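**Q** Chains as they are written, first to last, in this note's numbering: chain A, 2 to 130; chain B, 140 to 363.
Keep in mind the hints are simulated off the structure, nothing from the lab.
Keep in mind it's a predicted model, so treat the numbers as computed, not measured.
Some hints could be false.
What the hints assert, rightly or not - Far from chain B, by Cβ distances over 10 Å, these chain A residues were calculated:
id, residue
1, 68
2, 100
3, 113
As the list claims (entries may be wrong) - Pairwise CB distance ranges (calculated):
id, chain 1, residue 1, chain 2, residue 2, range
4, A, 46, B, 152, 13 to 23 Å
5, B, 196, A, 79, 47 to 57 Å
6, B, 359, A, 20, 27 to 37 Å
7, B, 145, A, 84, 48 to 58 Å
8, B, 164, A, 13, 22 to 32 Å
9, B, 218, A, 59, 45 to 55 Å
10, B, 240, A, 59, 46 to 56 Å
11, B, 330, A, 41, 37 to 47 Å
12, B, 143, A, 43, 37 to 47 Å
Claimed, not checked - From the derived model, a few chain A residues whose C-beta atoms are all more than 12 Å from chain B:
id, residue
13, 6
14, 43
15, 46
16, 50
17, 55
18, 59
19, 79
20, 89
21, 91
22, 93
23, 94
24, 111
Even for Gly, the Cβ is constructed at its ideal location relative to N, Cα and C.
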Amino acid sequence: MHELAITQALLSIVLEAAEAAGARQVTAVELTVGALTGYVDDSIRFYFERLSEGTLAEGALLRIRREPGEGRCQTCGGAFPVEPPLLPACPLCGSPDIRIAGGNRCIVERIEVEDGDPHPGGEGHPQRQ
Amino acid sequence: MATHIPVVKAILSANDAVAAENRAAFDAAGLLAVNLMSSPGAGKTSLILATLERLPPSLRAGVIEGDIASTLDAERIAARNVPVVQINTGGACHLDAPMIRSALSHLPLPDLDLLFIENVGNLVCPAEFDLGAHLRIVVASVPEGHDKPYKYPGMFQKADAVVLNKADLMPYIDFDLSAFQNGLSILRPGIPLFLLSCRTGQGVDEWVGWLTAQLEARRGDHGR
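Chain A on its own, in the form it takes in the complex:
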């Protein structure tokens, strides 16, 4: 359910960036989503599809990159990716003395837009980065 609020916030960031760039249409959105946020990709896609109807971002492709949490064992020094549910102990040595970092971010990394250029691919139009 919280994906609805998350996706509303996502869409407003995307539209703000697209409008600032004078874009005609948003074709793709790249997201980084931490594994410990509890956000469900399919749910974000579902809400995005509905909420973006009639906006510049209608039909945009969502590219979601999952960012794992990182576990570090205080006993053996090993590092391992972490997803919920957490393991109660280090998967490498079995020690319960582990720490978790990261995995909580949710970032709009970049968007891909079609701009208002009336002569697509025309000469003398520099490729923007």
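Keeping the supplied structure of chain A fixed, place chain B upon it in accordance with the hints.
**A** Positioned in the frame of chain A, the structure of chain B alone reads:
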């Protein structure tokens, strides 16, 4: 033609900006704001009531009650002559910073020392939304089981303290306290844990003592 536009903006940056304004309002009023998060029924309202009962008389508290529907909890608080505002989210599973901002004008902030914000009962969504509170407290309860930190890491990772309520039921329930503590120490090493029972009053004084010490420390930091 296609153009790539770097954005690199956290999804909740708009919420977080309002949360920062809320925090500034709390700081200006010299109060300590506490965001209480838990599953439904863990005992957030009971904890607020038990805390109000044991607060030193010199301290004045206010409450923001978040619920999907109903004013039942707010009525229980108001019966104690404590300023309270009810926020009904109408289905949303968490409070967000703009909801808190709109509630603040209904509270006598400068007269308050403590502001309890009772979040909507849910162990997922409330963790994501900074409300501007100074402390985030997770209220867990013994009947829920000891595996909650493992299953809801995001919630516990952001907590400043954990209250384990219904501790009086420990003898009757297979609750593995050391597994619970281990889960907490993985996510938040050294986090304060209060075993208490709102029903019997066990452990409530320790919790209230810690909370009032947090308020004093905050006021010390701000030169009050």
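**Q** With reference to the structure, classify each hint as holding or not holding.
**A** To see whether the hints hold, each was checked on the structure:
Under the 10 Å C-beta cut-off, the non-interface status given to residue 68 of chain A relative to chain B holds; the minimum distance is some 13 Å. Taking the minimum C-beta to C-beta distance to chain B, about 6 Å, the non-interface status of residue 100 of chain A is violated against the 10 Å cut. Consistency note on residue 113 of chain A: stated as away from chain B, yet its beta-carbon is not over 10 Å from all of that chain's, at 5 Å minimum. Our hint of 13 to 23 Å for residue 46 of chain A and residue 152 of chain B holds, since their Cβ atoms are close to 21 Å apart.
Between residue 196 of chain B and residue 79 of chain A, the C-beta spacing of about 53 Å keeps the proposed range 47 to 57 Å intact. Between residue 359 of chain B and residue 20 of chain A, the C-beta spacing of about 46 Å breaks the proposed range 27 to 37 Å. At about 28 Å, the beta-carbon gap between residue 145 of chain B and residue 84 of chain A misses the expected band of 48 to 58 Å. With their beta carbons about 24 Å apart, residue 164 of chain B and residue 13 of chain A fall inside the hinted range of 22 to 32 Å.
Checking the proposed 45 to 55 Å range against residue 218 of chain B and residue 59 of chain A shows it holds: the Cβ atoms sit about 51 Å from each other. In this structure the hint that residue 240 of chain B and residue 59 of chain A lie 46 to 56 Å apart at CB is violated, the actual value being about 31 Å. Between residue 330 of chain B and residue 41 of chain A the C-beta distance comes to about 27 Å, which lies outside the given range of 37 to 47 Å. Roughly 25 Å separates the CB atoms of residue 143 of chain B and residue 43 of chain A, a value that falls outside the hinted 37 to 47 Å.
Not every CB of chain B is more than 12 Å from the CB of residue 6 of chain A (nearest about 7 Å), against its label as outside the interface. For residue 43 of chain A, the condition that its CB be more than 12 Å from all CB atoms of chain B holds, with the nearest at approximately 16 Å. Residue 46 of chain A, annotated as away from the interface, keeps every beta carbon of chain B farther than 12 Å; the closest lies near 15 Å. The Cβ of residue 50 of chain A lies farther than 12 Å from every Cβ of chain B, with a closest approach of about 17 Å, so its non-interface assignment holds.
The claim that residue 55 of chain A is not at the interface with chain B holds, since no C-beta of that chain comes within 12 Å of its own (minimum 21 Å). With 12 Å as the threshold on Cβ separation, the claim that residue 59 of chain A sits away from chain B holds: the shortest Cβ distance comes to roughly 16 Å. Distance to chain B confirms residue 79 of chain A as a non-interface residue, since its nearest Cβ pair spans about 14 Å, more than 12 Å. With a least CB separation of 6 Å from chain B, residue 89 of chain A falls inside the 12 Å interface cut-off, contrary to its annotation.
A cut-off of 12 Å between C-beta atoms contradicts the statement that residue 91 of chain A is not in contact with chain B; the least separation is 10 Å. Interface exclusion of residue 93 of chain A from chain B stands, the closest Cβ pair being 15 Å apart, more than 12 Å. With a cut of 12 Å on Cβ distances, residue 94 of chain A stays outside the contact zone with chain B, its closest approach being about 15 Å. Non-interface call for residue 111 of chain A relative to chain B: violated, since the shortest CB-CB distance, roughly 5 Å, does not exceed 12 Å.
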